[in-house]
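Given next are the chains, with one letter for each unit.
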Amino acid sequence: MAPVLELRGIDKSFGPVQVLHDVNFSAQAGEVTALVGDNGAGKSTLVKCAGGIYPIDAGQFYFDGKPVQVNGPRDAAELGIEIVYQDLALCDNLDIVQNMFLGRERKRGLVLDEDSMEKLAEETLASLSVRTVKSIRQLVSSLSGGQRQTVAIAKAVLWNSKVVILDEPTAALGVAQTSQVLELVRRLADNGLAVVLISHNMNDVFAVSDRIAALYLGRMAAQVKTADVTHAQVVELITSGRSGELGLHNGSGVAS
Amino acid sequence: MSATMTPDRTTSAPSIGKNARGYIERVRGGDMGALPAVIGLVVLCTVFTALRPSFFTPINFANLFTQGAGIIVIAMGLVFVLLIGEIDLSAGFASGVCAAVLAVTLADHGLPWYVAVVAAIVTGVLIGTALGTLVAKVGIPSFVVTLAAFLGFQGLLLLLVDQGTNVPVRDQVILAISNNNLPPVIGWAVFAVGVGGYAILQLLRARKRVARGLLADPLSLIALRVGGLAVISGLAVYALNLERSRNPALTSLQGMPVVVPIVIVLLLVWTFVLRRTAFGRHLYAVGGNAEAARRAGIAVDRIRISAFVICSGMAAVGGIIAASRAASVDPNTGGSTVLLYAVGAAVIGGTSLFGGKGRVLDAVLGGAVVAVIENGMGLLGYSAGVKYIVTGSVLLLAAGVDALLRKRAAASGLR
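Residue numbers (my numbering), protein chains in the order written: chain H, 1 to 256; chain S, 257 to 671.
A portion of the hints provided could be inaccurate.
Said to hold, decoys possible - Just so you have them, the derived chain H footprint on chain S, three or more residues with Cβ under 8 angstroms:
#, stretch
1, 437 to 443
2, 523 to 535
3, 548 to 554
Source of the hints: derived by calculation from the structure; they are not laboratory data.
The beta-carbon is built from N, C-alpha and C at its ideal position, and this holds for glycine as well.
Could you build all of it, start to finish, from the sequences and the hints given here?
What follows is the structure, encoded as structure tokens:
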């Protein structure tokens with residue numbers, strides 16, 4: 001089956017600095033693909049290219065097996081690619097429903113259609129088996145970190161999205177909340193979405209992902225099935241770009 | 257943190273008890289809403305009535321409305337600017353400039369009143385567009401932009417009224433706004449339409465939500481709200497309809513001042529815009545988290561500019577009301593305490609100076625507090641000096657309460 005999202009040979013430079021070198025990356029429907037790499041390896045840049053925020057210098061963008069042009073965040077959103085940023089981008093002074101529909105409110109004529117928005121938000125949260133929030137009409141300021149993450153993720157899946165990219169969703173969370181969010185991440189994939197999870201935490205990666213893509217200094221060191229590798233191998237891939245037979249080899253492009 | 261979550265009234269099984277508990281929890285958590293303004297009003301009215309019985313007379317009650325209306329209308333506009341976390345220090349003199357445009361159009365050009373009103377409001381809209389563009393597009397802090405405009409408009413006003421002459425307003429329609437009263441029957445009609453309309457809207461909304469399988473407010477709560485509104489507004493209409501002329505045989509003076517329905521309509525229209533339209537939702541979003549609003553695809557700059565446009569446009573309406581009340585426009589129209597009273601009204605009513613929180617109703621409640629202080633202190637014979645000090649202290653108190661509540665809300669996870 002063709003991956004939902006596939007990037008081939010992506011190059012990206014900021015001025016004289018080349019951040020991504022010929023990167024291939026794919027995400028399958030129904031799977032969690034973990035994107036790992038050390039600080040500055042290019043994870044965020046790659047994700048922002050996928051989300052249409054940065055234009056790519058070279059390479060192809062395939063969606064559902066077909067080549068597409070993504071020239072901005074709007075194009076990506078239309079394809080069904082949603083990014084949940086680390087800083088969540090929620091408005092504290094609005095309630096959960098209002099946040100989920102922010103900027104894409106449902107209207108009847110001039111008037112907001114609150115009831116249908118509330119209903120849809122309720123259904124979306126139910127489909128994700130979210131039971132941690134008491135009321136979808138409570139203000140986001142009254143939510144815990146994990147609940148906020150849940151709202152941000154629910155907001156991303158509300159739009160019949162096909163690919164959801166999560167930027168370190170558990171970085172700021174405690175143990176219990178982390179496991180709640182990871183469960184949610186797993187459920188997204190089980191519901192048929194392609195999930196891309198950026199994470200520094202190997203435990204999270206191994207707990208929830210089906211595939212691991214490791215970036216090393218702007219190159220894709222390896223994209224492997226999680227079941228085929230060990231913890232130590234992934235750490236090696238992150239820190240040195242290679243691990244035994246896996247990863248980058250001299251001649252295949254490691255910056256020397 | 258989850259222990260401090262307040263049950264929203266739509267989720268908990270609908271009952272008055274749960275609603276009341278939810279409200280108490282919200283207040284404890286720092287979300288006081290209109291409570292301080294309402295308590296303030298009750299205390300102030302009680303004190304002034306005890307000290308000076310003439311405070312509690314029909315004629316003074318009617319005076320409160322005409323005294324407060326101009327401030328309230330300007331404060332309504334300021335709520336929009338405060339909501340996005342900005343400030344407009346020039347709203348007072350903007351209202352003066354617009355009033356001068358009105359007066360000059362009427363007096364010098366002899367044009368009909370509606371042309372003058374449109375000219376004044378268009379002036380306000382242009383002022384707001386200029387201020388908003390400077391803040392949103394150029395990126396100058398609103399404090400500085402509107403401080404410069406404060407001085408600039410003061411000068412513009414002087415030029416418009418020819419270096420300080422007093423331009424009289426003689427148009428009967430304009431004068432009627434602040435000086436005439438509606439016949440008692442119309443007052444009761446306004447009351448019936450208002451309360452009846454509110455009741456029907458609430459019932460329809462509850463029924464629609466039940467039909468959709470959503471939790472709705474219980475009937476008893478709706479009855480309580482409608483009943484409360486009916487009692488308060490009924491008493492107000494009754495009091496306004498009492499004869500307040502010293503010599504009723506000569507001239508009868510009774511009924512609701514014309515400005516009252518104008519303020520009510522403005523309150524309803526802007527409340528609808530803020531609560532029921534996407535534009536209103538986006539104003540709150542920009543005030544709450546501008547970056548989130550931007551990422552959600554909201555045109556943040558356009559929202560910012562329109563907030564200033566609404567503010568200055570409403571300042572124009574406030575200027576028209578002031579011109580009607582004074583029957584003239586002079587270099588001090590919209591000057592001295594007007595702006596500070598208006599900002600004070602919005603903040604006392606519960607609008608946050610930090611953005612993201614506020615209602616148009618706040619302007620009305622806060623404006624009532626300001627009008628009562630001004631009026632009551634005047635009756636007690638205090639000088640302007642004492643009045644300024646007291647009003648300044650009340651503003652400081654309100655801003656202090658706002659800041660402290662914010663802290664408390666942050667601690668309890670509410671805002």
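Hint check, failures only: Result: hint 1 breaks, nothing else.
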